[in-house]
Amino acid sequence: MKRDIFDQISPLDHRYYKSNQELMDKVSSYFSENAAVHYQLRVETALAQGLEEAGICPIGTAAEIEKACAAINPDAVYQEEERTHHNIRALTNCIAQRVSESVRPYIHLTATSVDILDTANALRFRDAYHELLRPMLLALEQELIDLARREKDTVQIGRTHGQHAVPITFGFAVAEYVARLGERITYLDHGVAQLKGKMAGAVGAYNASALIIDNPEAFEKNVLAKLGLQPATHSTQIVAPEFLLDYLHGIVSAFGVLANLADDFRNLQRSEIAEISEAFSATQVGSSTMPHKRNPWNFEHIKSLWKSFAPRIMTAYMDQISEHQRDLTNSASGRFAPELVTGFILALDRTTRVLRKMTVDSDQMRANAQQSSERFVAEPLYICLAAAGHPNAHEAVRKMTLEADQKGQSLKEIVQQEPTLTKYLGTISKRGSDALENPLDYLGIASQKTETVCACWEEQLYHRN
0 MKRDIFDQIS PLDHRYYKSN QELMDKVSSY FSENAAVHYQ LRVETALAQG
50 LEEAGICPIG TAAEIEKACA AINPDAVYQE EERTHHNIRA LTNCIAQRVS
100 ESVRPYIHLT ATSVDILDTA NALRFRDAYH ELLRPMLLAL EQELIDLARR
150 EKDTVQIGRT HGQHAVPITF GFAVAEYVAR LGERITYLDH GVAQLKGKMA
200 GAVGAYNASA LIIDNPEAFE KNVLAKLGLQ PATHSTQIVA PEFLLDYLHG
250 IVSAFGVLAN LADDFRNLQR SEIAEISEAF SATQVGSSTM PHKRNPWNFE
300 HIKSLWKSFA PRIMTAYMDQ ISEHQRDLTN SASGRFAPEL VTGFILALDR
350 TTRVLRKMTV DSDQMRANAQ QSSERFVAEP LYICLAAAGH PNAHEAVRKM
400 TLEADQKGQS LKEIVQQEPT LTKYLGTISK RGSDALENPL DYLGIASQKT
450 ETVCACWEEQ LYHRN
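The sequence shown begins at 0 in numbering that gives the first Met the number 0 and counts up by one.
A hint or two may mislead.
Unchecked claim - Simulated pairs of lysine to aspartate or glutamate, EDC-like, Cα-Cα distance not exceeding 20 Å: (1) Lys406 <-> Glu373; (2) Lys306 <-> Glu338; (3) Lys1 <-> Asp74; (4) Lys302 <-> Asp318; (5) Lys302 <-> Glu175; (6) Lys225 <-> Asp245; (7) Lys356 <-> Asp263; (8) Lys306 <-> Glu373; (9) Lys195 <-> Asp262; (10) Lys225 <-> Glu458; (11) Lys302 <-> Glu142; (12) Lys448 <-> Glu458; (13) Lys195 <-> Asp245; (14) Lys302 <-> Asp262; (15) Lys25 <-> Glu175; (16) Lys422 <-> Glu436.
Hints are computed from structural coordinates only; laboratory data are not their basis.
As the structure is a prediction and not an experimental result, all values here were calculated from the model.
Using the sequences and the hints, build the whole thing.
Take a look at the structure:
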């Protein structure tokens, strides 16, 4: 009997699958149990091909095993596991049931279970990255680049410690995430390239394969090459856990970039800020009791996903520890690693979709910056006075800002009333004078830097061969 989707326990299997079936079907092709068994069978097939090429089994053996593997489904493996209480022996028994008696001795020959499991895991995490995750990352990166360039001249107040600082442009603020996400993509590229497989036997010393194969290391390399993988310089019964750990660390750190962006963009939608807004459909409801509400729920949801999945990296770190050549303390915990990647994929998809429909209120951004223009002019004033030779410019300007607050006057008015500044103000450069006269133009090289950052990551991620 097919189980009702709403009888599933994990939100991944009902709420998220139901709301985005196309994406979840793609994820399932790498991280479902169907996919896990499929990838394990791919490794068993490659092993058979390697044995045949090494002259260990008759010609045609690998083809027969490959055909049998194509006919196996997870249900059959799980039924067999009820009898064997061992997942890989159940898998190999299912293969044996579908081949001739003469081929059966060569199934899984020289391998231990984790040769199959760890190699299959490396395969599916690698394929998921190259075929699904990386294209999604590049799509989001391009969305950020386009937004940054579009808004590179849009004046926005910079904020530090939740307070108005000095002006930037909104494009410059977005360029931060262009750079941070670009760095994470290159980190993940490296991490994925380092995923390793193994075909080294029960303790990694090639005990079994060395009995029948003259060069077991060359044999291992040949089998793994068929799958596009390489062996590590040393394995025990397991592949060294750091390879997958680095991959998962890259996922979690990229997830943090999305969460930070989501938090920033959620705050920019506060009623008293109101500089950007998420799309809100005609039938959408913001509150069950307040009909007027339009909440930044998408960005909040992205941060919430990060809160749920990011702590799982600690489990991956704990899975570094395996006693001697191997224990089984990662057998349960390791099964949940695909969920971490799945959670990131869901957040990545949502971030891209919400950015595509987000609106920017440039007038409100400028108005918010204008509110503080009489205060942040203190920085260019201090810099200009110091450059003109004032012996204690910062302290002088600090005191004048306090005086302006006390008297309810602008800083400019206080400066005009201070005769000791005349000789310094007379030597200020044109750039300095412009900044003092037009504080909203005090933007440094925000616009140029935005373009530099965008061009840099376009070159690195899209244009290099």
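We went through each hint and held it up to the structure:
The suggested pairing of Lys406 with Glu373 holds, with an alpha-carbon distance near 14 Å, which does not exceed 20 Å. The suggested pairing of Lys306 with Glu338 holds, with an alpha-carbon distance near 14 Å, which does not exceed 20 Å. Between Lys1 and Asp74 the CA atoms are separated by roughly 13 Å; this keeps the pair inside 20 Å, and the hint holds. With a C-alpha separation of about 26 Å, the suggested pairing of Lys302 with Asp318 is violated against the 20 Å cut-off.
This hinted pair checks out: Lys302 and Glu175 have alpha carbons roughly 18 Å apart, not beyond 20 Å. A C-alpha spacing of about 24 Å is found between Lys225 and Asp245, which places the hinted pair above 20 Å, so the restraint is violated. Note on Lys356 and Asp263: the hinted pairing holds, with a Cα-Cα distance of about 17 Å set against a maximum of 20 Å. With a CA separation close to 39 Å, the supplied pair Lys306 and Glu373 exceeds the 20 Å bound.
With a CA separation close to 36 Å, the supplied pair Lys195 and Asp262 exceeds the 20 Å bound. A hinted pair counts as satisfied when its Cα atoms are at most 20 Å apart, and Lys225 with Glu458 does not qualify at roughly 32 Å. For a cut-off of 20 Å, the pair hint linking Lys302 to Glu142 stands: about 19 Å separates their Cα positions. A C-alpha spacing of about 15 Å is found between Lys448 and Glu458, which places the hinted pair at or below 20 Å, so the restraint holds.
A threshold of 20 Å between alpha carbons decides the hint, and for Lys195 with Asp245 the separation of about 12 Å falls inside it, so the pair holds. Of the pairs offered as hints, the one joining Lys302 and Asp262 holds, with about 7 Å between alpha carbons and a cut-off of 20 Å not exceeded. About 30 Å separates the Cα atoms of Lys25 and Glu175, which puts this hinted pair outside 20 Å; it is violated. At roughly 18 Å between alpha-carbon atoms, Lys422 and Glu436 fall within 20 Å of each other, so this suggested pair holds.
Violated hints, in rising order: 4, 6, 8, 9, 10 and 15; the structure is consistent with all others.
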